[in-house]
Amino acid sequence: MAEEEKLTIIERLGAVDRRYVFLLIAIAVIIPLVLHYATSIPTSEIVQSLFDKIESLPGGSRILISFDYGPSTVPENQPMANAVTRHALEKSHRIYLMALWPTGSRQSQQLIDEIIKVEFPDKVYGVDWIHLGYKAGNQGLINTLLSDFKGMYTTDMSGKPIDSFPMMKDIRTLRDFDLIIGLGSGFPGTKEWIQFAGDPGDIPVGGGTTAVMAPLLYPYYPKQMVGFMGGLQGAAEYEYALVKKYPKYAKRSRIASTTMGPQVTAHLVIVAFIILGNITYLLERRRKRKYR
Amino acid sequence: MKRTVPLVITFIVGLVLIAAMFIPHWPFTGLDSKFSIFYDVIAVFAFILGGGNLLKVHLSRIQNRRRDWKYSIVTVSGFFLMLGAGLLKIGVPGGWTGDYQADGSLLKYLYDATFQPLQATMFSLLAFFVASASYRAFRAKTKEATILLLAAFVILLRPTPLGYYLTFWLPKPLQFLHIPNLSTWIMSVPNMAGQRAIMIGIALGIVSASLRLILGIERSYLGTEGKD
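Quick note, the sequences are listed as chains A and B, same order.
Numbering of the first sequence is given in our numbering, commencing with residue 1 and proceeding in unit increments.
Numbering of the second sequence is given in our numbering, commencing with residue 1 and proceeding in unit increments.
Hints may be right or wrong, so weigh each one.
Straight-line distance between alpha carbons at most 30 Å, and here's what the computed BS3-like set of lysine-lysine pairs gives [claimed, not checked]: (1) A:K150 to B:K108; (2) B:K141 to A:K150; (3) A:K135 to B:K108; (4) A:K290 to B:K34; (5) B:K141 to A:K288; (6) B:K172 to A:K169; (7) A:K123 to B:K108; (8) B:K108 to A:K117; (9) A:K53 to A:K290; (10) B:K2 to A:K160; (11) B:K143 to A:K288; (12) A:K135 to B:K143; (13) B:K108 to A:K160.
One-sided and incomplete, this derived list gives chain B residues near chain A with beta-carbon spacing under 10 Å [to be verified]: (14) K34; (15) F35; (16) I37; (17) A137; (18) L149; (19) G163; (20) T167; (21) P171; (22) Q175.
Chain A regions said to be covered by chain B (calculated; three or more residues, Cβ under 8 Å) [as the list claims (entries may be wrong)]: (23) 50-64; (24) 80-92; (25) 104-111; (26) 124-132; (27) 252-266.
Hints were generated in silico from the structure; no laboratory data involved.
Note that CB positions come from ideal geometry on N, CA and C, so glycine has one too.
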């Protein structure tokens, strides 16, 4: 009888309706969101080296930030863009916003509306930052920008001639930038910036990608890539480094840390499911061997 | 003739671009970027081709009342709505001279109110499917699967407080087993080695495929097999 009961429990656990799994994940995500559970993660070496690169550049350095993602990965990529932009503008670098993805220019616009205009109102358009927008061509575009930047970007996002902006006067090719940061979630993205700009042009490239893409970029670090942020965790680590160096951002720069809360609990639920799934599998296997 | 001319063009362009890579002197200098500009121009036309293809597929599905044809109506309507909103600059402050993505424009409204939440919803569904799959499929059936499982465990636990508290007490000589340290090691040693092997394999594959194209061995890009 006891054996039969045990068997039923194992069978039930093994064949649990996936709607219960979905429900548990939903609870694991919603509760930390409602309770504003945040978690701060100490910066790893790979993220710290990107932070250090921006930190070590002299004021007024030119940083190109490419928005190669769309709304689907905003929760992972946008906190990276926010943190990097805050850091770059804090250091008085000049930032150039562009996109290899059609959806990227909306994300750079979001950055302008929520971060640059709100937190850095003293920064002047065309002098400290510029919005170049999207251009078609993927890696072909990068290849062209490497030899002729203004041939492709003849105007800014709003259609004004590119040479009318002081910060564009000395830009001829991608080699005139001190750092390229590719924030991406697929093709074309950080990898293409390394392959078509960083390597042939000997330009420092850093970046940030979604967590699923992060393992693909490790081979490029540290020789071909100065550092990068992998997923929301990478963004949270960058925020940690930023706040540590500039405590005034403790309240503002915490979107990644806050949204890491639900991710952490979801991870724990998934780990619990993996353990449970394997326990039922092992028990079932033992039972089958016993009755064979 | 229909097949010979493209084959000759491919052969010449392929050889010239390979030569340009190794000879940084006239007339090869700049060839690479000039061809890239051609590529960029063609890439723009690909949008028209893509739009045309989308309409061809979905209009034919609607016309023949094929399975799920009603969804095609939504696709085609959405396509024309977004295209019209952008091209005609509907609601753009400043009219024709204004930015098509400016606040108040119909395109921005549609993007923020429909496209953005729809894409975010689709992507966030991943969390549910990953959880379900981890429960059903992530089993230690073989030695290889067990290693993969343990690696996934460490990576998943890395950002969690549990990952820290489980192993923080380890003595110094065993600190490499502390989950955050172990996670960094997995990513930067076994993962990197595996990724490098894959990348080298892909690169060799690309070289081989490119040579087949340049030499005219691979002809599938010309369309269906047939005589000149």
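Checking each numbered hint in turn, tell me which of them this model violates, lowest number first. Numbers 2, 4, 6, 9, 10, 12, 20, 21, 22, 23, 24, 26 - these are the hints that the structure violates, sorted from lowest upward.
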